[in-house]
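One letter stands for each residue in the lines below.
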Amino acid sequence: MKQLLIFCLLVWLFINYGNCIEHDSSVVINLKHALSGGPNPVFKDRGTITIPSLRLSQAVVHQKRLTDVERIQIQKLANDNDLYRINATVIANDEIERSFISTIKACMLAEAELDDRLSVSVDYMGRVIGVSLVIASKATCEGSNVSIDKLGEFTTNVYVRHTETGIIPDTATYIDKLQKEKEAKERDDHKDNRSFLAKYWIYIVPVVIVMVISSATNPEAQGGGQ
Amino acid sequence: MFKYLVLSFVVVISLIYEIYGETGIVEDNGSSKYIIEGRIFPLSDYQTSNTNWQSATRVHVNGGQHIGFVKRDGSFIVNNVQSGSYVVEVLHPDYTFEPVRVEINSKGKFRARKVNHIQTSLVTQVPYPLKIKALGKTRYFQVREQWHITDVLFNPMIMMMVCPLLLIMVLPKLMNDPETKKDLEQIQEMTKFEMTEVSDMVSNYLAGNSVGSKEGAPKERDSNKKGQKFRKRPVVKD
Amino acid sequence: MANFRSIYKIQIFLTILVHVTLALYEDQVGKFDWKLSFVGKVKFVSLEAKRIIVATEENVLASLNLKNGDIHWRQVLEDPKDYKLELLHVNKEIVTVSGKENTWFVRTWDLNTGTILTEWFINTERTVPSLFTIVNEKLLHIVPIRGLQVEITSYTLANAENTNGSILKGISRKIPAAWLNKDSDCVPAKSYIVCAVSSKLYYVDLLKENSMFVSQSLADLVDNSAGKVLLIEYKQDVPSVLLLKNNIAKLGTFNGENIQIKPFNLMPNAISISNNGKDLIYQLEANDNKNKLIKVKAKDPQTGLDSFSLDLEYPLGLGAPIILGGQSKGSVTDLLLSTTDDALLLVRLPEGKILWTREEALSSVVASEFFELPISELDASIEHEFDSANDILEMFSHRISTQIKQFYNLVFGNNLLQNSGLVRDEFGLHKIIVVATRAGKLFALDTLTGSIVWSYRLPNVQSFIGIDNEEKMLLLVQRTAQYAPLPAHCVLLAQDTITGNGILFEFDPITGYSKAGIQRLNYKIVQATLLPYQDKNFLKPMLVLSQDEQAHVYPTQAVSLIKDHFSTMFLYVADTENSRLSGYTLKYSTEDSLQVTPSWNVDLAPSKLIAVSAKPANEHVHSQGKVLYDRSVFYKYVNPNLLAVATMTSDPIYNSVLSVYLIDGVTGLIIYGTSHKKARGPIHLVHSENWLVYTFFNERFRRNEVVALELYEGHWQNNNIAFSSFALSQLPQVQSQAYILPSIPQTMAVTLTERGITNKFLIIALTTGAIIEIPWMFLQPRFTNMPCGPEESCIPYMPEIPLHSEATINYNQTLSGIHGIEVAPARLESTSHVLIHGLDIFYTRVAPSKTFDVLKEDFDHVLIVLVLTGLIVATLATKKLAARKALKQAWK
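Protein chains in written order, with our numbering: chain H, 5 to 230; chain P, 79 to 316; chain L, 3 to 894.
Where hints are given, some of them may not hold.
To be verified - Okay, the calculated bits of chain H under chain L, using three or more residues with CB under 8 Å as the criterion: (1) 104-114; (2) 118-128; (3) 142-155; (4) 168-181.
To be verified - So these bits of chain H aren't anywhere near chain L, every CB distance computed over 12 Å: (5) 51; (6) 67; (7) 70; (8) 134; (9) 135; (10) 137; (11) 163.
Claimed, not checked - Within a straight-line C-alpha distance of at most 30 Å, the following computed DSS-like cross-link-like pairs (lysine-lysine) qualify: (12) P:111 / L:83; (13) P:251 / L:881; (14) H:184 / P:192; (15) P:211 / H:186; (16) L:638 / L:628; (17) H:142 / L:628; (18) P:149 / L:140; (19) L:33 / P:215; (20) H:80 / L:565; (21) P:187 / L:102; (22) L:680 / P:149; (23) P:187 / L:171; (24) P:187 / L:680; (25) L:680 / P:192; (26) P:192 / L:565.
Worth flagging that the hints you see were computed from the coordinates, not collected in a lab. Only a predicted model underlies this, so the values are computations on that prediction, with no experimental measurement involved. Just so you know, even glycine gets a beta-carbon here, dropped at the ideal spot from N, CA and C.
Start from the sequences, fold in the hints, and give me the full structure.
What follows is the structure, encoded as structure tokens:
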């Protein structure tokens, strides 16, 4: 009983102070790609990605190695500076299917030797809103010629990107600052109530010394002179 | 057992309160309509007593969600207001008024307080029905920097130029006056006297200390000699 | 402790410093700003001696001067989207009823000053459309309930009970009317209610106690021909109504339980004006005469004979008029006409002169664009010197001749002006603003004076309904006026009122001349954009996407120009119904057939899309990065293809949640997303350079908050040659910060300058009617672990943005019903043009860093000249004195 309650407490704490997604769910993405270029692509199966928990952002990727025919097709796409498209069908916990398409330049994929990244964007509720294919690279290309043995299999990294919680104005530090300012002012007020002499003694004393010395020697001089 | 029940109860209650947030009023979509009323006191200057400031004044509740107009005696009402929290602003092109937050709870009780966006739960209550006074005439313009003659005169560069110039021109004239000449000479001697006195004293003191009391008598001699100093003979130390 | 004190002091010092640089000087008022006030399309009118009281569709009550149409006073009531004016009655005071469905505000106003006298509130349970009328000092609320009855509630406004309370109390009465259905059409006729249903006419006299509806067959009254009979209100001393069938109206007067139809035919817009007790029917008829399009006729109500007929010289540019009201005094009759393009004019009879016209279409501007004027002929001729670049002699003679012309101009004045003053001035501050209005009329306003240069009426044209039910039309600039003698070319894209298909209108923005006229297309327009390639005539082609995913290029010959660039052209479409964003590429288009292929999509359902914002196309980013306190550069992430999308989700726990996403428009990658719980609209987005600013209402703390996001690449720049959305090596870092805005924003915009060097100001229009400017430095997100002070040109963070009254750019000219702000760069780097439109139009120029590239206005020319001459004189004098003294010395 005790453990159950503690567990409930922890879960409640986690829900409220843990991460951004409201309802965690697991998601299965069926990936298809179009290896034939042109305006009417034909999508063929590429693999499946299972994300057991969107909150924990870990994904299990199952992809087959590419057959020789497929490799030649990719090479041709890259040579012709054509586009490589994927069609991702996302099946969430509630059995709703959403499909997303994403396009990249085939030559970039070839030059990266099939090292692509999949970005799965999730909104605050935990719904998948977009699936995009990205190749990490510093520059684009206009057609490339990559040898077939480099186009072996896809090494796909899946990144689940959450929607961050919105930022709120930082009023706490401002209020603290005002408080400290008020206190400092009160303290300063008291300080200023000390006597005038106490404040400015550092200036008054040397002047007094100089005057004393001059008057000490002056009467002698005056007395001596006249 | 009982303790655990209490703990779970506390957890549940805190969950509920978190949902409702930190406002003191639970909003409901009641169908009862209330009226916000108040009175505006403008500045009693020439302009307001002559023109029809009432027709140019508007009362905005929540930025125009509800609008009120001002009658000739300065009072206004806003109809069709449901329960909730509203910011009431009085708008006039030439005068500034302070906004007020009016809260109507579900039972129809009104509470008016000052608007504070930073510390939203701070309550500085203000009388209801609203009595809004004009804070002042709105300043829209910046005053142009005027050119005053003091800007030129007190400019340090100018002062550095002009004061020595004056001194150069004025002092020779002063110098030519015989009496002032004598006075000046006296003052000069005295000050020079004192000056050397001090510097001598300091150097003697420093030298004297290292020698010790042996110099006690020479010190006295020195002081006697100091008395003769004004004859303009340099003191030669033996 | 000492640190905080000094911080606070510096803070105050800096805010004072900053706000000192923002304000206007009093003598600058009116020099470069102007304001035009409007009332909206007039619905009800009442003419009183020297004043005209109007109630408009924009829920505005105003009093106009009869002689010149100027606004004497104006009261803007609630938002016209929700509440509409239903009744205007003027006797000794003005009574208005405005509201909707079941909430009505009854207000009485003073005729001369517009001050409110009393206000009441009617709250009923019925939400069917109802009528109001005033009979014998009683306000009657008539509610027809289908299939049952007509409920009439009568309120006595001057009743003692009603003067003290605020809820109006009245006496109700029900008259059975089971024949009421949705086709029934009821109008009031003084103390009668008249309804026409199928083939019968029902009427009842309300003044009689316990009266019931009397029915009469319409076939007996009007002819037997096919067609529905419509009823039109006809205001006369004797209760009467107009029965309209097949565009012919017949007048029927009531007498007890009888109705008498007059035998003569009338136009549907006939009104009755009484002149010293004698009534005359006035109506407008179309005329065959091309110069005088409208004929005014006055008929005798008993016999139907024309007692007066006059051909009016009706201006060609105005739409078809109807008479709203009129008055007669002695021999002079004034008629107030309202046209289909929302203009209001006053016609004085018997001269038939139009005294004044008010273009009220300008009260609802939906699109605007700034245009530079062409250079003057003289300046153009100077540039022609290089036409014959080989012949030196010819160039020389050309130059001499232009210089003689310039000298002639200087001495004898400008006789060579051919363009009637529409030439560019030195700093490019004289521009033409072309505005498209909701009524389908185009206007061109002069930025120096605010006067209308030309106007063009487009019949049957309406605006597109965009995201969040915003009405907009597209104005695309295909060629500016820089390429004389080629005229400037602009295109307006809108929707046809009847079919919903697209409308293309090409015109010259400087003169308003259109060669082709309105082109009605046969497809619905979904997206349109201007392409950055110019043909040999410096014309930029336009790409239009239709609803069935077909792309079209205008002008059609431009396909050959862009055929090499198809692979770099991308389009995006935002579908508000399904909350989806889709991207298309034109890669597979050929010169013969243009094809769009889907390339990405983002699905935001079930959230609702409320704003999509792309960066302005003519924006220049001047600096590549920000210099930090340790002198290192933090590079900015400037992505010209970035879209900012805001959505609102209704959530059972958090009421409503606002989510803002930054999406790349070419790849569809969501670069950043953030969500605010318990946030409510209205949302305003401003997207520029590498930052985004958005405002929303925080329901938890009940305040308006502003969030600023800034994107940086980091300490190393990715690719400083050409930006590509495909080449992404790392995601940009996002710095964000939030602030509290103490007032409620209506709309926001950011200043644009030609080279982007000047600081940026955010121009925010508040619901109070003031427009304030906030420097971007105030809102720029501060770096958390870096000092912020004057050395780093950083203002310390303050959670609440201070709104100074001196930062109001429209000083005491408060504007009502602000709809949008348009900003355009001027040729001067330091200045931006700002146009604010809504119920009023206000134009001004803003200089965010003060006018650093122009001599200031109060430059002391006089002082400098005086000082110089003084010094010269002093030098000469001292020279003489010194010489004299030297001479004297030599003689000693």
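Which hint numbers does the structure go against, in order from smallest to largest?
Of the numbered hints, 8, 9, 10, 11, 22, 26 do not hold.
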